[in-house]
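Quick mapping for you: the protein sequence lines, in order, are chains Y and E. Counting the first sequence from 1 gives a position; this note's numbering is that position plus 1023. Counting the second sequence from 1 gives a position; this note's numbering is that position plus 1023.
Derived from the structure by calculation, the hints contain no laboratory data. A couple of the hints might just be wrong.
Claimed, not checked - In the DSS-like style, the derived pairs of lysine-lysine whose C-alpha atoms are separated by at most 27 Å in a straight line are:
{"no.": "1", "chain 1": "E", "residue 1": "K1101", "chain 2": "E", "residue 2": "K1074"}
{"no.": "2", "chain 1": "E", "residue 1": "K1134", "chain 2": "E", "residue 2": "K1101"}
{"no.": "3", "chain 1": "Y", "residue 1": "K1129", "chain 2": "E", "residue 2": "K1071"}
{"no.": "4", "chain 1": "E", "residue 1": "K1101", "chain 2": "Y", "residue 2": "K1101"}
{"no.": "5", "chain 1": "Y", "residue 1": "K1101", "chain 2": "E", "residue 2": "K1129"}
{"no.": "6", "chain 1": "Y", "residue 1": "K1060", "chain 2": "Y", "residue 2": "K1071"}
{"no.": "7", "chain 1": "Y", "residue 1": "K1074", "chain 2": "Y", "residue 2": "K1060"}
{"no.": "8", "chain 1": "Y", "residue 1": "K1101", "chain 2": "Y", "residue 2": "K1071"}
{"no.": "9", "chain 1": "E", "residue 1": "K1060", "chain 2": "E", "residue 2": "K1074"}
There are 2 protein chains.
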Amino acid sequence: MVNDRLTTTLAALADPTRRAILARLCTGETTVTELSKPFDMSLPAISKHLKVLEHAGLIARGREAQWRPCRLEASPLKEVAEWVEHYRRFWEDTFDRLDEYLTQLKSKERKHGRRHRRRRT
Amino acid sequence: MVNDRLTTTLAALADPTRRAILARLCTGETTVTELSKPFDMSLPAISKHLKVLEHAGLIARGREAQWRPCRLEASPLKEVAEWVEHYRRFWEDTFDRLDEYLTQLKSKERKHGRRHRRRRT
């Protein structure tokens, strides 16, 4: 099967350092040196992550040879949001069922509490 | 950095076959044999994908040795939706800017059209 854009995006996002880089870029464009500061990583290691993000279209880089600032490109994330949205009813179902279960549990506890109090009086 | 749950989920989703399996499970629980039908893949290949999905908590499987039906477990997808939601303003910004650009373009075209009509009359 071909490596579609959504697969490329998800693979690029499946790394905590790359997600942290995207989070950092939310505050504005920045240089590789600045980006690498919070990470205990070499510049080549950071550059490798940036290449993955750039290939996925999640960042864009300036053209200046010396100072190539990175900026966030969020449009591939829209596709992720649209894809995952199809499953919302399933996770909401799960939480609804859990909520229902907890309500039943509380109701049982209340009944039990009343019986317990009646027995004591 | 540790392989957190979101990373495991995203890595499991970064494969078109695995996403197709999840889509298939939206219609209800099913066996591995049934699941493998639309794919040109061996049962062991499908089983490998199912193991990745199960490890990520995206599917659960029945306990019967012979007939282990798979069902969708959507709660890890809620985390993906919540993570991606932080970036909404950025992709909406992109589309807003594009929309603004197109509006300007149309407005220029209209002005140009009017000038063009005036010149012809």
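Note to self: Tell me if the straight-line CA distance from K1060 of chain E to K1074 of chain E falls inside 27 Å.
What the structure shows: Roughly 18 Å separates the two Cα atoms, so the pair holds.
Checklist line | K1060 of chain Y paired with K1071 of chain Y [C-alpha distance capped at 27 Å] | finding: Roughly 15 Å between the alpha carbons, so the hint for K1060 of chain Y and K1071 of chain Y holds.
Next item on the list: Take the C-alpha atoms of K1129 of chain Y and K1071 of chain E, compute the straight-line distance between them, and say whether it is at most 27 Å.
Entry: violated, 41 Å
Check: Going straight from one Cα to the other, do K1074 of chain Y and K1060 of chain Y come out at no more than 27 Å?
Finding: Cα-Cα ~18 Å, so holds.
Next item on the list: Decide if the proposed pair is consistent with the structure: K1101 of chain Y and K1129 of chain E, CA atoms, cutoff 27 Å inclusive.
Entry: Holds, because 26 Å separates the two Cα atoms, which is no more than 27 Å.
Note to self: What's the verdict on K1101 of chain E and K1101 of chain Y, does the C-alpha distance respect the 27 Å limit or exceed it?
What the structure shows: holds, 15 Å
Check: Is K1101 of chain E within 27 Å of K1074 of chain E, Cα to Cα?
Finding: Holds - the C-alpha atoms of K1074 of chain E and K1101 of chain E are around 20 Å apart, at most 27 Å.
Next item on the list: Could you grab the alpha-carbon distance between K1134 of chain E and K1101 of chain E and see if it respects the 27 Å cut-off?
Entry: Distance of about 48 Å is beyond 27 Å: violated.
Next item on the list: Assess, step by step, whether the Cα of K1101 of chain Y is no farther than 27 Å from the Cα of K1071 of chain Y, and give holds or violated.
Entry: Holds, at roughly 24 Å.
Violated hints, listed in ascending order, are 2 and 3; each of the other numbered hints is respected by the structure.
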